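With the first letter of the sequence shown counted as 1, position 181 gets the number 181 in my numbering; the numbers rise by one all the way through.
One thing to keep in mind: the hints can contain errors.
Claimed, not checked - Below are the BS3-like pairs computed for lysine-lysine, each with C-alpha atoms no more than 30 Å apart in a straight line:
#	residue 1	residue 2
1	K163	K228
2	K185	K228
3	K163	K185
4	K185	K224
5	K214	K225
6	K163	K225
7	K244	K163
8	K214	K228
9	K224	K163
10	K214	K224
11	K185	K225
To be verified - What follows is a set of in silico ranges between Cβ atoms, one per label pair, in the way DEER data are often shown:
#	residue 1	residue 2	range
12	R179	Q257	13 to 23 Å
13	G199	I241	34 to 44 Å
14	A233	E91	23 to 33 Å
Derived by calculation from the structure, the hints in this document are not laboratory data.
In this text, all values refer to a predicted model and were calculated from it rather than measured experimentally.
All residues carry an ideal CB built from backbone N, CA and C; glycine is no exception.
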Amino acid sequence: MIPFDGRTISWQEHDGAIELSLHRRPCNEIGSETLAELESFAEVMRISGGNAHALIVHSEIPAGFCAGADLRELYRRTCQQPVRSGSGVAEVRDFLVRIHAVFNAIDDAPLVTVAAVHGVAFGGGFEFALTADLIVADRTARFAFPELRLGLIPGFGGIPRLKRDLGNGIVRDMLFTGRSINATKAQTAGLVSQVVAEGEALRVARALVSQVGKFDLNTVRAAKKFIKAVPQAELLREIEIFCKLFESPAVAAGLRQFVESDSPLPYLP
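Construct all of the structure, not just a fragment, from the sequences and the given hints.
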């Protein structure tokens, strides 16, 4: 795989493992530019990632793994139009279909995927981490679905993937309250496979995939295909619900409040 260093992400292959780095400030918000680069990554991984045995996704940004969707861009492109007609919803639907395609490609990739998480993993960032087979979190990591504050549900595949991996109790708690859970609670719930010291998530993830590399690749791929199905029907239903909710005036009001906040990190609870 040819290395790439973009404006929001970069990737390289080392010892049979692909490392995808997120580096868009302030906290890897996923907007149109990040989506385009992620689409390029998914295509490169499909074409030339066949010899790799693992993928590690991590962040180079001190604030955390990923704060989710770029809500300022979303508000600017869909809610500040003179007449908020169906064109805004059409843009949202297109974005969701595209990000779902990328996340599904990572979720279903024929290699072991590991998210090395520190700090914030909220909203779409949490959903990104959920595409991984394993999450290694340092003690600063926090996970949350704050979307109900905006009158929305998670839209990047979060609910179906969390339901697939955990019991409905924690899914409903996180969704309905919007509160975050720390790495220790996430491990207790079965969301996180390992909790490590601050700053150690990437190192431990590399050690983990090194161990995976000792096994026969075809066996690993067969095991993953057997135990981890992509919940396609629920993911499609999620897009429909999100788009229907997006037409509500409460969404425009919630996004406006977020954009007008003077907090440097308005996504924090």
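Quickly compare the C-alpha distance for K214 and K224 to 30 Å and report which way the hint goes. 16 Å, holds
K185 paired with K224 [C-alpha distance capped at 30 Å]: Roughly 25 Å separates the two Cα atoms, so the pair holds.
Tell me if the beta carbons of R179 and Q257 are separated by a distance inside 13 to 23 Å. Holds, at about 18 Å.
Is K214 within 30 Å of K228, Cα to Cα? Distance ~21 Å between K214 and K228 Cα, so the pair holds.
Take the C-alpha atoms of K163 and K185, compute the straight-line distance between them, and say whether it is at most 30 Å. 17 Å, holds
Agreement of K185 and K228 with the hint, judged by alpha carbon distance not exceeding 30 Å: Holds: K185 and K228 sit about 23 Å apart, inside 30 Å.
For A233 and E91, compare the CB-CB distance with the range 23 to 33 Å and indicate the outcome. The hinted range 23 to 33 Å holds for A233 and E91, with Cβ atoms some 24 Å apart.
Within 30 Å, alpha carbon to alpha carbon, are K224 and K163? 18 Å, holds
For the pair G199 and I241, does the Cβ-Cβ distance stay inside 34 to 44 Å? 38 Å, holds
When you check the alpha-carbon spacing of K185 and K225, does it fall within 30 Å? 28 Å, holds
Between the alpha carbons of K244 and K163, is the straight-line distance 30 Å or under? 22 Å, holds
K163 paired with K225 [C-alpha distance capped at 30 Å]: Holds. K163 to K225 sits at ~18 Å (cutoff 30 Å).
In the structure shown, no violation is registered for any of the earlier numbered hints.
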